[in-house]
Amino acid sequence: MTGPLEGIRVLDLSWIIAGPLAARLLGDYGADVIKVESRNRMDTGRANRIPLFGDLPGDANTNPDTGGYFHDANASKRSCTLNLATEEGRALLRDLVRVSDVTICNLSGDQYERWGIGYEDMRALNPGIIMVNMPTMESAGPRSNWRGFGDMFVGISGLKSISGNPEDGPLPFGHQYADFSSNPFHGAVAIMAALLHRDRTGEGQFIEIGQYESTVAMLGPTLLEAQLADEVPRQIGNRDAEAVPHNFYPCSDDGTRDAWCAIAIFEDAQWAALVDLANIEELRDARWQTSDGRRADEAAIDAILDRWTTGWDALELAEALQARGVPAGPYQKVPDLVHRDPSMGDRYYKTIDHPSGREFLVHGNPLQMHAYEADVRRAPLIGEHTFEVLTDVLQMDPDAIADLAARGALD
Amino acid sequence: MLAHGALEGVRVLNLLDGLGAYGARLLRGLGADVVLVEPPRGAVYRGRPSRYVAEAIFVEGDEAASLYFLHYCSGMRSVALDIESTEARPTLERLIEASDIVLDNGHLARLGFDLDALASAGSGRAIVSITPFGLDGPRSHWLGSDLVCQSISGMLSYFGYRGERPARFGQEAASEMSGLAAALGGLIAVYGARHGGTGSVVDIAAQRVTALVSFQMANPSLYHQFGFVRHRRERAPGPPPDLHETKDGFFTWSTWRKVPETLAILEEHGLGEGLRELEAELGISAFMTDDRAMAAARAFAARFTNAELVELLQSRGLMGLPVQDASQVLADPFLERRASFVEIEAPGLPAPLLDAGGPVRLSGTPYQASSRPPLLGEHTAEVLAELGLPSKGGAA
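Protein chains in written order, with the numbering used here: chain D, 1 to 411; chain Y, 1 to 396.
Be careful, since some hints might not be right.
Distance windows between CB atoms, simulated [said to hold, decoys possible]:
hint, chain 1, residue 1, chain 2, residue 2, range
1, D, A85, Y, P220, 35 to 41 Å
2, D, I236, Y, G348, 22 to 28 Å
3, D, G325, Y, R257, 50 to 56 Å
I should point out that these hints are in silico values taken from the structure, not numbers from a laboratory. Backbone N, C-alpha and C define an ideal beta-carbon position, used for all residues, glycine too.
All chains, full assembly: derive it from the sequences and hints.
Given below as structure tokens:
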């Protein structure tokens with residue numbers, strides 16, 4: 001294991017996506033991330049209702065090693081099963097805390113306390129520990145046990161209220177944006193900041209990321225705008241304060257009835273280039289050569305562009321516009337990213353061998369560094385490294401481990 | 001000067017004028033000294049028009065500050081320097097040399113700098129490039145915008161309905177994610193360099209970062225089973241299945257893994273008739289999406305306000321949160337209790353404005369939400385003096 005974070009040990013006590021992804025972002029770059037988990041109460045991502053392989057024999061719902069989310073969020077980690085319902089399991093967890101740098105949890109706000117390792121306990125075990133808690137709302141207080149997931153934070157933070165078309169109404173479930181952005185990244189960034197602080201001072205600390213609060217930070221200047229605008233900021237589709245036109249335009253059907261190209265005209269020269277490509281007399285209107293003029297007639301321009309783009313393949317249109325210096329991009333779906341986009345494909349996705357003999361894809365680390373290569377490894381099978389962790393990290397002897405296993409402390 | 005941030009002593013040079021501005025804001029909040037290099041006419045962000053407020057800038061001249069500038073650049077030090085001019089080159093080189101992390105949208109390469117040389121082994125420096133498509137690859141020269149990045153990354157394929165025009169998500173969702181990734185990449189590279197490694201170029205492609213939203217979907221067996229992929233979702237009358245209309249808004253409520261508890265609460269409110277039999281007949285998965293079960297849940301939600309419903313469900317361990325707009329966020333007593341907001345003051349503002357405070361809470365090194373944007377060039381002399389440069393040095 002090599003990488004810029006070699007030597008950092010992270011105990012990952014978190015579930016589903018936001019916490020696990022924060023830890024995985026570090027594991028790809030060399031941190032030794034140990035997922036501490038239990039067969040008795042598994043990360044619900046492990047036995048996802050929709051598994052990696054739809055046709056595995058047996059009940060895929062209960063197969064702990066086929067969860068799709070799980071494999072993406074827990075790549076590059078080791079799995080050590082500890083039964084934290086037993087005192088012996090909790091004692092092993094405390095032993096691991098003594099030799100770790102970071103712990104991360106995103107369960108109930110008070111879950112650490114329930115395991116008997118609140119921050120004061122942790123600090124007594126390891127003064128330099130960086131303890132991260134990612135509750136939905138708060139670690140302690142009346143909302144410490146509130147529950148939620150990524151899409152709900154998108155709703156409560158205000159992001160949904162400014163997403164989509166004006167006529168859409170509130171957007172339905174749209175994947176879990178907050179689970180891939182605000183929450184895991186704020187977690188990982190805060191860990192790195194705290195590690196640099198510890199280098200300088202020797203001090204660890206407790207880090208809380210309230211997932212609601214953390215996602216509010218993704219609103220950009222919207223909160224400021226809300227205080228000065230005549231009306232509360234709402235969905236305004238693709239209208240933009242700078243670029244005009246700025247929209248998605250329909251392209252030739254790709255079989256899904258959902259083919260579009262995004263075009264964003266920020267400069268008059270870009271407009272001139274688009275008009276040149278389109279070669280439509282109506283678009284040569286002299287008033288539209290400036291952004292003010294285009295803005296006054298944006299709907300009329302969009303209607304003309306809609307008719308023009310309909311005959312184009314979305315990718316070919318984007319290529320033609322980009323060749324003329326116009327920002328544009330096809331509306332892509334995942335199969336396009338995997339099979340059709342030369343910037344993505346195997347430049348980004350990693351092929352993983354599954355013990356069932358199949359292959360599947362996980363996301364690469366989104367950070368690419370010239371001096372270091374992300375080392376993305378298959379997510380661990382449940383308990384795959386329990387013996388290895390207890391012998392290598394805690395220097396336990398095999399008989400003691402067998403004894404603990406027999407008593408259920410390693411379930 | 002604020003003291004005792006986690007990143008105290010970490011020096012960041014901010015050359016950003018587009019994608020990823022949040023990364024600089026976040027590093028600033030964590031205690032880094034962020035030097036914003038502005039052209040003599042002022043950073044692009046000073047003049048960015050607002051999406052919802054007609055008046056873009058509240059004062060002209062050195063104090064000019066758009067809402068974007070207030071949000072993204074408060075707390076930074078401003079150095080006015082025309083980096084395009086040859087006489088400014090030595091000053092720019094010194095500013096880079098003095099930095100641990102440089103955040104850049106492509107200016108350095110355009111000016112002829114070799115990014116890898118700037119991050120050379122002994123420098124310990126992270127040169128963080130944030131571009132739409134990355135530094136390498138066949139589309140590295142393509143132009144992007146936040147909308148283009150959302151489009152090409154696949155993230156918009158989860159929002160909206162088949163056949164309807166896609167629409168952007170959030171304020172600038174691809175840019176925000178790129179900023180988060182840039183901050184992380186910069187810190188990982190600096191950490192590595194301080195622990196026996198080297199400096200590094202960090203290549204942040206907005207497309208790659210934003211593509212994270214498609215977690216697990218690269219696998220056909222998963223992609224084809226998920227119903228919420230946009231092109232498999234048809235618009236139907238009424239609110240979508242996961243959104244419940246309450247007395248005063250919309251509410252997201254999930255019965256995921258909590259069907260017995262959900263049945264119990266519906267029964268207590270007289271809405272559970274026949275549901276247990278239905279669940280026994282259909283099994284949990286089919287029951288959760290059955291029209292009769294959903295109708296009972298809708299009737300239940302309609303009896304309450306969002307505030308009542310969230311307390312009622314959460315007190316029973318059920319998962320649900322209200323959908324809020326920006327004004328409701330600002331007025332949320334919970335965030336007020338947590339002192340989540342910071343007041344920003346700037347010349348020309350009719351009154352101080354609230355902005356998001358810290359997204360993370362560090363017990364030993366509190367997040368430093370900043371309350372004032374810099375004037376254009378306010379810190380030019382101060383920063384140049386720290387570098388041992390004459391106060392002009394090509395600075396504007």
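A quick look at each hint next to the structure:
| no. | hint | verdict |
| --- | --- | --- |
| 1 | A85/D x P220/Y: 35 to 41 Å | holds, 39 Å |
| 2 | I236/D x G348/Y: 22 to 28 Å | holds, 25 Å |
| 3 | G325/D x R257/Y: 50 to 56 Å | holds, 52 Å |
Checked against the numbered hints listed earlier, the structure breaks none of them; every hint is satisfied.
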